[in-house]
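For the sequence shown, the working numbering gives the first residue as 253, with consecutive numbering after it.
Keep in mind that the hints were calculated from the coordinates and are not lab data.
Ideal Cβ positions, reconstructed from N, Cα and C, are used throughout, including at glycine.
Be aware that a few hints might be false.
Below 16 Å or equal to it, Euclidean Cα-Cα: the simulated EDC-like pairs (lysine to aspartate or glutamate) are [unchecked claim]:
id: 1; residue 1: 327; residue 2: 355
id: 2; residue 1: 367; residue 2: 389
id: 3; residue 1: 375; residue 2: 348
id: 4; residue 1: 367; residue 2: 299
id: 5; residue 1: 367; residue 2: 423
id: 6; residue 1: 327; residue 2: 378
id: 7; residue 1: 419; residue 2: 282
id: 8; residue 1: 266; residue 2: 292
id: 9; residue 1: 367; residue 2: 349
id: 10; residue 1: 367; residue 2: 347
id: 11; residue 1: 375; residue 2: 387
id: 12; residue 1: 367; residue 2: 355
id: 13; residue 1: 266; residue 2: 299
Simulated restraints, written as ranges between beta carbons of each label pair [stated by the list, open to error]:
id: 14; residue 1: 303; residue 2: 416; range: 18 to 28 Å
id: 15; residue 1: 268; residue 2: 386; range: 27 to 37 Å
id: 16; residue 1: 375; residue 2: 420; range: 33 to 43 Å
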Amino acid sequence: MLLNHTPPDEAEGKIADAYAVLPPGVPVPDPLVLHSASPEILVRQMEFLRYFMAHPRLDMELLAMTRYVLAHRFKYQFCYDFNGMILQAASMMSDEDLATLRDHPEVFEMDEARKALFLFALKVVEEPTAVASQDIDVLRDLGWTDADIFDMSFHAASFLSASVLWKAFADGKDCK
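Modelling step: build the complete structure from the supplied sequences, incorporating the hints.
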């Protein structure tokens with residue numbers, strides 16, 4: 253990596269505490285290690301991670317599906333592979349399910365409300381100026397709160413910042 257950073261096995265203090273947000277046995281992904289170049293940003297990033305891990309309405313499957321599709325579309329191979337593994341292990345998705353999700357998310361089978369929010373998050377990232385009040389009204393009518401809508405949109409948009417930062421500072425290093 254081009255920036256000084258702290259590997260997990262050398263972490264102390266607030267950096268070690270931030271890494272400890274991940275469940276035991278889960279390795280700290282390189283893009284999060286990169287965040288240690290700025291310990292305060294790492295702490296905030298892990299606070300966001302903790303928030304989304306305990307979100308009352310946005311489940312981990314929905315969030316992983318969003319990251320999976322965005323990672324494919326924005327050519328972020330590590331997160332594409334990582335979220336695909338999460339979806340196969342935790343949600344029992346087959347290779348065929350993942351291919352449909354990746355290539356045709358609009359026809360992927362899921363609850364109507366979840367699908368609407370999922371597709372909206374993709375729209376926020378890919379066509380932000382196309383978002384209209386009608387989109388929000390549909391989501392509200394399906395039971396999503398404004399906080400849910402913003403949280404899902406924030407999650408999708410902030411995922412891209414991690415991708416961009418990794419590509420900029422990885423110095424050609426493959427993620428692990």
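Hint by hint, here is what the structure shows:
In summary, the hint linking residue 327 to residue 355 is supported, as the alpha carbons are separated by about 13 Å, within the 16 Å threshold. With a C-alpha separation of about 15 Å, the suggested pair residue 367 and residue 389 falls inside the 16 Å cut-off, and the hint holds. Restraint check: the Cα-Cα separation between residue 375 and residue 348 comes to about 24 Å, which exceeds 16 Å; the hinted pair is violated. A C-alpha spacing of about 26 Å is found between residue 367 and residue 299, which places the hinted pair above 16 Å, so the restraint is violated.
Between residue 367 and residue 423 the alpha-carbon distance is near 37 Å, which puts this suggested pair outside the 16 Å criterion. A C-alpha spacing of about 14 Å is found between residue 327 and residue 378, which places the hinted pair at or below 16 Å, so the restraint holds. Distance restraint check for residue 419 and residue 282: the Cα-Cα separation of roughly 11 Å lies within the 16 Å cut-off, and the hinted pair is therefore satisfied. About 8 Å separates the Cα atoms of residue 266 and residue 292, which keeps this hinted pair within 16 Å; it holds.
Distance restraint check for residue 367 and residue 349: the Cα-Cα separation of roughly 15 Å lies within the 16 Å cut-off, and the hinted pair is therefore satisfied. Of the pairs offered as hints, the one joining residue 367 and residue 347 is violated, with about 20 Å between alpha carbons and a cut-off of 16 Å exceeded. Using a Cα cut-off of 16 Å, the hinted pair residue 375 and residue 387 holds, with the two alpha carbons roughly 10 Å apart. For the suggested pair residue 367 and residue 355, the alpha carbons sit about 15 Å apart, so the restraint of at most 16 Å is met.
Note on residue 266 and residue 299: the hinted pairing holds, with a Cα-Cα distance of about 12 Å set against a maximum of 16 Å. Checked against the given bound of 18 to 28 Å, the beta carbons of residue 303 and residue 416, roughly 21 Å apart, stay inside it. Between residue 268 and residue 386 the beta carbon distance is about 47 Å. The supplied range of 27 to 37 Å is therefore violated. Restraint check, residue 375 to residue 420: a C-beta distance of roughly 25 Å breaks the suggested window 33 to 43 Å.
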